[in-house]
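Going down the list, the sequences are from chains V and A. Going by this note's numbering, the first sequence opens with residue 24, and the numbers climb by one from there. Going by this note's numbering, the second sequence opens with residue 24, and the numbers climb by one from there.
Worth flagging that the hints you see were computed from the coordinates, not collected in a lab. Glycine included, C-beta positions come from ideal geometry on N, C-alpha and C. You can take every hint at face value.
Okay, the calculated bits of chain A under chain V, using three or more residues with CB under 8 Å as the criterion:
# : stretch
1 : 28 to 37
2 : 63 to 69
3 : 97 to 107
4 : 118 to 132
5 : 146 to 156
Quick list of simulated restraints, FRET-style, between CB atoms:
#  : chain 1 : residue 1 : chain 2 : residue 2 : range
6  : A       : G115      : V       : T117      : 28 to 34 Å
7  : V       : E200      : A       : G37       : 33 to 39 Å
8  : A       : A322      : V       : R34       : 50 to 56 Å
9  : A       : S162      : V       : T117      : 39 to 45 Å
10 : A       : D114      : V       : G270      : 29 to 35 Å
11 : V       : S27       : A       : R76       : 21 to 27 Å
12 : V       : E119      : A       : D114      : 28 to 34 Å
13 : V       : E312      : A       : R126      : 34 to 40 Å
The chain contents come next:
There are 2 protein chains.
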Amino acid sequence: MAVSEFELIRRIAGIVGTARQGVTVGIGDDAAVLPPDLVWTCDLLVEDVHFRRRTTSYADLGWKALAVNVSDVAAMGADPLGALVGLVVGDGVTAEDVEELYRGLDACATAYGCPVVGGDVSRGPELSLAVTALGRTASPVLRSGARPGDVLAVTGPLGGSGAGWHHLDGRIALPEELAAHVDRRHRRPQPRLAEARVLAGRVHAMLDVSDGIASDALRLAEASRVTTVVDLDALPLDRGVAEAAAGLGVAPGVLAATGGEDYELLVALDPADVADAGVPLHVVGRVEEGPVAVRFTGAGSADALGGWDHLGA
Amino acid sequence: MAVSEFELIRRIAGIVGTARQGVTVGIGDDAAVLPPDLVWTCDLLVEDVHFRRRTTSYADLGWKALAVNVSDVAAMGADPLGALVGLVVGDGVTAEDVEELYRGLDACATAYGCPVVGGDVSRGPELSLAVTALGRTASPVLRSGARPGDVLAVTGPLGGSGAGWHHLDGRIALPEELAAHVDRRHRRPQPRLAEARVLAGRVHAMLDVSDGIASDALRLAEASRVTTVVDLDALPLDRGVAEAAAGLGVAPGVLAATGGEDYELLVALDPADVADAGVPLHVVGRVEEGPVAVRFTGAGSADALGGWDHLGA
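Turn these sequences into a full structure, and let the hints steer you where they fit.
Dropping the structure here:
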């Protein structure tokens with residue numbers, strides 16, 4: 024594919040439209056919004072793109088496939104209603120493997136009140152999952168509400184999942200306890216549903232940190248037509264990130280900004296509202312008038328930064 | 024995979040449940056039902072399982088991926104609200120191919136009032152689509168309402184899509200005009216949305232003929248806890264089916280019953296209501312008290328009949 028994921032999505036939006044009659048929000052946010060109060064999202068997990076069978080148990084895969092969708096519903100400020108699961112059973116996958124995968128799905132469904140209500144199943148060359156989740160909110164929190172003067176904040180530490188990915192792929196060694204922590208952050212993401220419910224009425228814009236804040240802050244800038252500024256030195260580092268970054272030879276802030284899949288929330292809000300936002304927030308940057316762009320400050324900010332591109336190799 | 028598609032779904036339903044608190048209908052019908060009035064379905068289309076790139080244009084693939092979901096929404100007696108598209112971009116697929124695919128999706132979306140409102144995209148080894156559609160109805164028509172004494176009827180001719188599949192795969196030769204007809208039936212299915220709206224208040228059970236009536240009549244029997252009887256000689260044959268069946272060396276009724284992907288509606292209703300059902304119906308069988316099973320009469324009924332199994336080779 025000669026074009027990036029985001030360029031391809033731009034072209035797709037040009038064909039199917041970003042909003043149609045009867046649709047409140049189409050392509051371009053964490054989820055679509057349909058009247059009167061539905062939000063709706065889907066995420067793909069494809070073998071050897073998003074996970075490897077060698078380093079991911081079926082139960083972890085099931086958990087993660089649903090968790091990333093619950094995270095998108097949460098990032099709209101919505102409560103999950105349920106999920107559908109499209110499963111392509113790759114070569115060599117047994118019925119018992121599928122059952123383990125669904126036990127992981129069901130554990131996440133129970134934890135977040137998002138029952139699996141249906142789906143489809145097919146064989147295919149590689150294992151992949153297409154999970155879609157539906158939620159409900161009377162007042163969705165979009166990416167487009169950030170205003171110059173806002174600060175950017177996140178709900179928790181970043182970089183742990185990225186460190187886990189590098190560790191599981193064998194590129195770095197870590198002390199046992201740190202390795203277990205970052206591996207778990209990568210395999211069992213915890214969507215910030217409770218935090219999102221609290222923040223929904225208090226922030227101007229919200230999205231989940233799925234591709235890495237370097238990329239997600241650009242998404243926010245694009246949707247809100249602003250410049251976002253991220254201070255890499257201000258990013259709260261997950262345990263093990265400093266050690267993993269040293270092993271990779273990058274600044275810790277760079278790993279935290281680009282590792283992706285932390286599933287913390289990134290919000291834009293009035294600086295005066297940070298202290299009583301109802302959940303602990305870490306201020307990591309600000310919103311400015313200016314061209315649609317993300318700018319970085321701090322150690323490593325001179326490096327080329329980018330998030331994941333799921334079409335790239 | 025050592026178990027069938029339906030056995031695997033049975034095991035999955037055992038894990039995630041067929042109905043949870045807040046869910047009206049879970050796994051086991053054309054779509055899930057969520058209160059107050061939502062129906063929700065997803066279907067996978069996987070390269071070399073459901074289609075071949077060699078014999079399917081990208082525009083046709085896009086049309087079909089949405090059409091089969093609209094058909095499931097229609098079969099619940101619901102009106103479509105919108106769709107999400109999860110696209111795995113297989114090796115060798117260009118951005119222009121993806122755009123053509125979305126033009127086919129959008130043509131179907133426009134024809135049936137089911138706009139594409141979002142989705143996800145990823146690379147992967149083979150091309151696959153996971154489309155999910157949402158609909159709305161105050162009174163969903165389930166598979167579980169068939170009663171002994173009902174007749175079984177379909178809304179239109181069967182076997183055309185199956186004939187097209189065999190023709191496109193090079194197993195049979197057909198006269199040019201018939202070939203064009205059955206190829207189109209296979210590539211551009213026309214969900215019976217308008218017919219479903221009319222039938223919704225008048226029938227006891229409804230589903231779409233996706234796997235072939237031989238298989239779908241068994242699904243109906245399972246959901247309604249009855250015996251269904253299908254007369255293979257009574258099946259309305261699409262144009263080209265007799266010729267295709269001759270080429271394959273099977274009875275025409277067998278091809279019509281097992282070809283699959285016709286996307287006509289199969290309904291169970293009171294025999295007295297057939298004449299004024301509001302749309303033309305073809306009576307093809309009946310519902311009887313008895314063990315959960317489908318029984319066949321007519322030419323070819325002694326043959327082993329089955330529908331598609333998307334886990335089988």
